[in-house]
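*Asks:* Given these sequences and hints, build the entire structure.
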Amino acid sequence: MNLIIDIGNTQTKYAIFEGKNMLEFCESHISDMDLILLWQKKYPGLDALIVSSVQGRPDVFLKSLESLFDSVIFFDQNTPTPLENLYETKETLGYDRLAACVGANTLHPNVNLLVIDAGTAITFDFVNAKNQYLGGTISPGLAMRFKALNTFTKKLPLLEKSETHALIGKNTSQAIISGVQNSLLFEIDSYIDKLTESHSGAKIFLTGGDSEFIHPKLKNETFCVRTLLLGGLNAILNYNKS
Numbered sequence: 616m617n618l619i620i621d622i623g624n625t626q627t628k629y630a631i632f633e634g635k636n637m638l639e640f641c642e643s644h645i646s647d648m649d650l651i652l653l654w655q656k657k658y659p660g661l662d663a664l665i666v667s668s669v670q671g672r673p674d675v676f677l678k679s680l681e682s683l684f685d686s687v688i689f690f691d692q693n694t695p696t697p698l699e700n701l702y703e704t705k706e707t708l709g710y711d712r713l714a715a716c717v718g719a720n721t722l723h724p725n726v727n728l729l730v731i732d733a734g735t736a737i738t739f740d741f742v743n744a745k746n747q748y749l750g751g752t753i754s755p756g757l758a759m760r761f762k763a764l765n766t767f768t769k770k771l772p773l774l775e776k777s778e779t780h781a782l783i784g785k786n787t788s789q790a791i792i793s794g795v796q797n798s799l800l801f802e803i804d805s806y807i808d809k810l811t812e813s814h815s816g817a818k819i820f821l822t823g824g825d826s827e828f829i830h831p832k833l834k835n836e837t838f839c840v841r842t843l844l845l846g847g848l849n850a851i852l853n854y855n856k857s
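Residue numbering for the sequence shown follows the working numbering, beginning at 616 and increasing consecutively.
What the hints contain is simulated information worked out from the structure, not anything from laboratory work.
Careful: at least some of the hints might be erroneous.
As the list claims (entries may be wrong) - List time: in silico EDC-like cross-link candidates among lysine to aspartate or glutamate, alpha-carbon distance up to 20 Å:
id : residue 1 : residue 2
1  : 628       : 691
2  : 628       : 649
3  : 856       : 633
4  : 678       : 649
5  : 856       : 662
6  : 656       : 691
7  : 762       : 775
8  : 776       : 804
9  : 832       : 802
10 : 628       : 681
11 : 832       : 808
12 : 628       : 647
13 : 818       : 836
14 : 834       : 808
15 : 745       : 703
16 : 856       : 685
17 : 657       : 691
18 : 785       : 775
19 : 657       : 633
20 : 834       : 778
21 : 856       : 691
22 : 809       : 836
23 : 832       : 778
24 : 705       : 685
Since the structure is predicted, the reported quantities are computational estimates derived from the model, not experimental observations.
*Replies:* Written out as structure tokens, the structure is:
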């Protein structure tokens, strides 16, 4: 039984997997040792742990966990994965990107995959039918786009995402929301269109904090799997166990 911890830019996600099945899930703003100890009591078979972090290696946190688990892995460039990693600068790769791709590949192996992670940043990552990770693109996420307009101008207000976004904004707030949200949707749909021109039949996955907000607004068919990264980390942990 596996404990999965994903430390992101704004949230830390915790999950327990038995095989490929997720039994527990929780999000927190902090490293929650109380939750981990509670789950250990609830699940005596919980013996393996993998930690992924976009903030760097959490040495103090890892040290406190080593005595609690038989197997502890910090996911980095040296961790073997089921995918062949062809990224040129592996040391600079955000390993949340690779883990999400492993999650998609676990669900659909041996096919072309585009994984779109809509979080603090929007990342597009491609895995080919040979199960090779090739790389992708990075651009600002929704909240970052709203914040940039407010930060780098004197008069534009800081706004948040909205379910309504007219194509033509009739006031400044509407114009900002329209510009930020429509441009992001156009970007995602256009990228999907362009990629599938050369990789027909590619399966498109959408994940990340804004995925459920974005998913129904896209014209292209996508699989929205909020826990894709956690499933990928679980697959990586199982791969290293075997």
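*Asks:* For every hint, state whether the structure bears it out.
*Replies:* So, going through the hints one by one against the coordinates:
1. Among the hinted pairs, residue 628 with residue 691 is consistent with the structure: their alpha-carbon atoms are about 17 Å apart, no more than 20 Å.
2. Distance restraint check for residue 628 and residue 649: the Cα-Cα separation of roughly 14 Å lies within the 20 Å cut-off, and the hinted pair is therefore satisfied.
3. A hinted pair counts as satisfied when its Cα atoms are at most 20 Å apart, and residue 856 with residue 633 qualifies at roughly 13 Å.
4. Only pairs whose Cα atoms come within 20 Å are accepted, and residue 678 paired with residue 649 is accepted, the gap being roughly 16 Å.
5. A hinted pair counts as satisfied when its Cα atoms are at most 20 Å apart, and residue 856 with residue 662 qualifies at roughly 11 Å.
6. With a C-alpha separation of about 29 Å, the suggested pairing of residue 656 with residue 691 is violated against the 20 Å cut-off.
7. Distance check on the hinted pair: residue 762 and residue 775 sit about 9 Å apart at the alpha-carbon level, within 20 Å; holds.
8. In summary, the hint linking residue 776 to residue 804 is supported, as the alpha carbons are separated by about 18 Å, within the 20 Å threshold.
9. For a cut-off of 20 Å, the pair hint linking residue 832 to residue 802 stands: about 12 Å separates their Cα positions.
10. Taking the CA atoms of residue 628 and residue 681, the gap is near 19 Å; set against the 20 Å cutoff, the hint holds.
11. With a C-alpha separation of about 15 Å, the suggested pairing of residue 832 with residue 808 holds against the 20 Å cut-off.
12. Of the pairs offered as hints, the one joining residue 628 and residue 647 holds, with about 10 Å between alpha carbons and a cut-off of 20 Å not exceeded.
13. Restraint check for residue 818 and residue 836: the C-alpha separation of about 9 Å stays at or below 20 Å, so the hint holds.
14. The suggested pairing of residue 834 with residue 808 holds, with an alpha-carbon distance near 10 Å, which does not exceed 20 Å.
15. Proximity of residue 745 to residue 703 is assessed by CA-CA distance (about 18 Å); at most 20 Å being required, the pair is judged to hold.
16. Only pairs whose Cα atoms come within 20 Å are accepted, and residue 856 paired with residue 685 is accepted, the gap being roughly 11 Å.
17. At roughly 29 Å between alpha-carbon atoms, residue 657 and residue 691 are farther apart than 20 Å, so this suggested pair is violated.
18. The hinted pair formed by residue 785 and residue 775 meets the criterion: a straight-line CA distance of about 17 Å does not exceed 20 Å.
19. Taking the CA atoms of residue 657 and residue 633, the gap is near 13 Å; set against the 20 Å cutoff, the hint holds.
20. Between residue 834 and residue 778 the CA atoms are separated by roughly 16 Å; this keeps the pair inside 20 Å, and the hint holds.
21. Distance restraint check for residue 856 and residue 691: the Cα-Cα separation of roughly 16 Å lies within the 20 Å cut-off, and the hinted pair is therefore satisfied.
22. For the hint linking residue 809 to residue 836, the alpha-carbon distance of about 14 Å falls within 20 Å, and the restraint holds.
23. As the CA atoms of residue 832 and residue 778 are separated by approximately 9 Å, the hinted pair is consistent with the 20 Å bound.
24. Under the criterion of a C-alpha separation no larger than 20 Å, the hint pairing residue 705 with residue 685 is inconsistent with the structure, at around 28 Å.
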